[in-house]
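Protein chains: 2
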Amino acid sequence: MDSSMMLANKQVVLKNYVEGYPKESDFEVRSSMISSHIPQRSKGLFVKNLYLACDPYMRHRMSHHISKDVPLLASFNPGFIKYTDVPLSYYAGILGMPGLAAYIGFNNLCSAKEGDVVYVSSAAGGVGQLVGQFAKMEGCYVVGSTSTDEKVHLLKSQLGFDDAFNYKQGNDLAGALKRHFPKGIDVYFENVGGNMLDEVLLHMNLNGRIAVSGMISQYNLKKPDGIHNLFCLISKRLRMEGFSELDFRHKVPEYLEFAIQLIREKKLLFVEDIAEGLENAASAFLVFIMGEMSESRSFKFQLTEKLKNLGENKKILCFKAIC
Amino acid sequence: MDSSMMLANKQVVLKNYVEGYPKESDFEVRSSMISSHIPQRSKGLFVKNLYLACDPYMRHRMSHHISKDVPLLASFNPGFIKYTDVPLSYYAGILGMPGLAAYIGFNNLCSAKEGDVVYVSSAAGGVGQLVGQFAKMEGCYVVGSTSTDEKVHLLKSQLGFDDAFNYKQGNDLAGALKRHFPKGIDVYFENVGGNMLDEVLLHMNLNGRIAVSGMISQYNLKKPDGIHNLFCLISKRLRMEGFSELDFRHKVPEYLEFAIQLIREKKLLFVEDIAEGLENAASAFLVFIMGEMSESRSFKFQLTEKLKNLGENKKILCFKAIC
Numbered sequence: 001m002d003s004s005m006m007l008a009n010k011q012v013v014l015k016n017y018v019e020g021y022p023k024e025s026d027f028e029v030r031s032s033m034i035s036s037h038i039p040q041r042s043k044g045l046f047v048k049n050l051y052l053a054c055d056p057y058m059r060h061r062m063s064h065h066i067s068k069d070v071p072l073l074a075s076f077n078p079g080f081i082k083y084t085d086v087p088l089s090y091y092a093g094i095l096g097m098p099g100l101a102a103y104i105g106f107n108n109l110c111s112a113k114e115g116d117v118v119y120v121s122s123a124a125g126g127v128g129q130l131v132g133q134f135a136k137m138e139g140c141y142v143v144g145s146t147s148t149d150e151k152v153h154l155l156k157s158q159l160g161f162d163d164a165f166n167y168k169q170g171n172d173l174a175g176a177l178k179r180h181f182p183k184g185i186d187v188y189f190e191n192v193g194g195n196m197l198d199e200v201l202l203h204m205n206l207n208g209r210i211a212v213s214g215m216i217s218q219y220n221l222k223k224p225d226g227i228h229n230l231f232c233l234i235s236k237r238l239r240m241e242g243f244s245e246l247d248f249r250h251k252v253p254e255y256l257e258f259a260i261q262l263i264r265e266k267k268l269l270f271v272e273d274i275a276e277g278l279e280n281a282a283s284a285f286l287v288f289i290m291g292e293m294s295e296s297r298s299f300k301f302q303l304t305e306k307l308k309n310l311g312e313n314k315k316i317l318c319f320k321a322i323c
Numbered sequence: 001m002d003s004s005m006m007l008a009n010k011q012v013v014l015k016n017y018v019e020g021y022p023k024e025s026d027f028e029v030r031s032s033m034i035s036s037h038i039p040q041r042s043k044g045l046f047v048k049n050l051y052l053a054c055d056p057y058m059r060h061r062m063s064h065h066i067s068k069d070v071p072l073l074a075s076f077n078p079g080f081i082k083y084t085d086v087p088l089s090y091y092a093g094i095l096g097m098p099g100l101a102a103y104i105g106f107n108n109l110c111s112a113k114e115g116d117v118v119y120v121s122s123a124a125g126g127v128g129q130l131v132g133q134f135a136k137m138e139g140c141y142v143v144g145s146t147s148t149d150e151k152v153h154l155l156k157s158q159l160g161f162d163d164a165f166n167y168k169q170g171n172d173l174a175g176a177l178k179r180h181f182p183k184g185i186d187v188y189f190e191n192v193g194g195n196m197l198d199e200v201l202l203h204m205n206l207n208g209r210i211a212v213s214g215m216i217s218q219y220n221l222k223k224p225d226g227i228h229n230l231f232c233l234i235s236k237r238l239r240m241e242g243f244s245e246l247d248f249r250h251k252v253p254e255y256l257e258f259a260i261q262l263i264r265e266k267k268l269l270f271v272e273d274i275a276e277g278l279e280n281a282a283s284a285f286l287v288f289i290m291g292e293m294s295e296s297r298s299f300k301f302q303l304t305e306k307l308k309n310l311g312e313n314k315k316i317l318c319f320k321a322i323c
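So the protein sequences, as listed, match chains B and U.
Just so we're aligned, residue 1 is where the first sequence starts under full-length UniProt numbering, counting upward by one.
Just so we're aligned, residue 1 is where the second sequence starts under full-length UniProt numbering, counting upward by one.
Treat the hints with caution; some may be incorrect.
Just so you know, same-sequence chains aren't split out, so a pair can sit in one copy or run between any two.
[As the list claims (entries may be wrong)] Straight-line distance between alpha carbons at most 35 Å, and here's what the computed DSBU-like set of lysine-lysine pairs gives:
| # | residue 1 | residue 2 |
| --- | --- | --- |
| 1 | Lys82 | Lys222 |
| 2 | Lys136 | Lys48 |
| 3 | Lys43 | Lys168 |
| 4 | Lys113 | Lys168 |
| 5 | Lys43 | Lys113 |
| 6 | Lys183 | Lys10 |
| 7 | Lys223 | Lys266 |
| 8 | Lys223 | Lys183 |
| 9 | Lys82 | Lys178 |
| 10 | Lys267 | Lys222 |
| 11 | Lys15 | Lys267 |
| 12 | Lys48 | Lys183 |
| 13 | Lys43 | Lys136 |
| 14 | Lys15 | Lys266 |
| 15 | Lys223 | Lys48 |
| 16 | Lys178 | Lys10 |
| 17 | Lys236 | Lys183 |
| 18 | Lys236 | Lys10 |
| 19 | Lys15 | Lys183 |
Derived by calculation from the structure, the hints in this document are not laboratory data.
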């Protein structure tokens with residue numbers, strides 16, 4: 001039986017590689033018709049996107065010199081949706097890439113143990129908020145930084161962080177780190193890069209670990225900021241390690257089993273914001289990036305967009321913008 | 001029996017903390033008389049220095065902001081001199097700190113395996129020449145960089161390096177790395193820092209390791225160079241780790257046993273230069289540093305000084321200056 005039919009297909013396309021700050025004209029919304037035909041005996045699937053996740057690393061991949069080197073994001077695997085008693089959007093967040101990144105980064109790279117002082121930058125972001133909660137489960141003392149007082153409150157009152165600060169307040173990062181880490185930092189979960197990393201190096205303790213998950217302060221810069229304090233790697237015997245959750249797709253079942261139980265018991269929370277309309281995706285992304293970036297170069301953010309396609313003509317763009 | 005007597009004691013003293021390039025007036029040779037008296041029942045020893053090792057990190061410790069943070073070098077342990085069929089000077093070199101640093105750094109941090117491409121900067125230095133030889137024993141492809149064509153020849157003809165290059169030649173570091181590492185770098189043994197590190201990051205392979213032993217291009221700079229390519233830690237999943245052999249003094253017996261056998265079988269070589277006279281130590285150190293540093297900021301060097309005190313009036317300053 002040939003059930004082939006023509007369907008509307010709407011896309012947000014990157015027209016130009018981006019230098020510096022992205023602008024709306026770098027993107028284009030295109031509509032076309034596609035056939036749903038799948039050849040007989042093919043093992044192919046026809047996929048209907050319900051959610052699209054959009055995370056900070058995407059800005060990085062919009063750069064010309066990067067896009068040639070980085071492999072395409074692995075396709076979404078429908079098999080991942082194992083549990084249906086959670087919002088479907090979770091599979092683009094806590095049960096998707098940000099969740100896996102937090103799980104792998106924290107467990108494989110941080111060597112965190114009870115009593116360790118753990119610092120998470122971009123702590124209210126999709127990855128950061130989970131890392132903080134994982135660190136609390138290990139009995140660590142957890143401090144997060146974020147960009148507004150509201151999010152500082154969120155971290156401390158809802159997400160269980162021991163302490164948090166607004167890195168934009170006071171324009172004295174060194175002083176803030178000194179105040180919030182009187183005993184230094186054992187583990188730094190790096191989402192930010194740039195000046196934050198340079199200052200944190202000076203506040204690390206002997207044998208500290210730095211898990212490098214992202215450097216979101218750097219993605220719009222033509223030339224990344226210079227890091228001057230790497231001698232601390234020797235004098236403090238630090239380990240600094242980058243990773244990508246792309247290498248750990250085989251860990252998804254293990255992570256899902258771990259996370260779903262905690263979610264059901266309300267021991268692991270996830271804060272997300274949702275907005276609608278695929279055709280607004282690019283402008284929403286830009287407003288968010290520009291709004292944050294114009295204030296500070298050592299800015300950090302975490303953004304997840306999700307597209308919910310409820311039918312051919314009704315689309316909901318969901319984005320989470322927590323930082 | 002009280003065998004106390006007065007003895008001449010000559011010292012090279014650092015008069016001022018050093019900023020930028022050190023100068024001769026930063027040092028002073030002082031002579032005084034000291035008593036050899038050791039109280040009865042004391043377990044103290046009266047130590048007569050036969051050799052003094054002087055390594056690049058010493059310049060780093062001459063800086064004011066550093067000297068407060070870094071613990072004093074552990075005292076020389078006479079028990080280390082277990083084997084007497086090798087030159088005594090070896091205990092300040094291959095069987096001393098540089099040897100242990102190469103052993104620990106290579107074995108604990110590099111995760112090198114057969115076929116890996118290993119790059120050693122400052123490869124003709126006390127640490128570098130040993131790391132290269134250890135890597136060859138593991139079946140790696142080993143490339144070293146150094147500052148003269150003579151030392152390039154030494155590395156390839158005597159020390160078993162597969163390839164070597166003079167990083168000062170041609171003033172095109174990126175091009176040199178591209179030529180000498182057509183398949184990229186799996187392990188970088190870092191002795192240099194600065195611009196070299198920044199370029200090497202771009203040439204590392206996926207899952208590469210960087211063992212950070214020293215950053216000798218940076219020790220005379222008021223502000224260390226900025227490193228711009230740390231995003232490679234994420235995109236290439238790199239691990240970068242600093243260490244100090246000071247933390248591994250308990251490994252000395254294991255290392256000595258490993259090394260002495262290889263030395264006796266002439267499977268592990270050590271190249272050292274010797275010069276005489278403690279009173280000339282500071283000027284020799286300066287001539288060496290200035291001579292190298294004036295040519296290039298991304299310069300590297302390795303220097304070991306040894307003082308041989310053959311009696312109260314006859315002193316021999318020995319220094320090894322290979323880079």
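Hint check, failures only: 1, 2, 3, 5, 6, 7, 9, 10, 11, 12, 13, 14, 15 and 16
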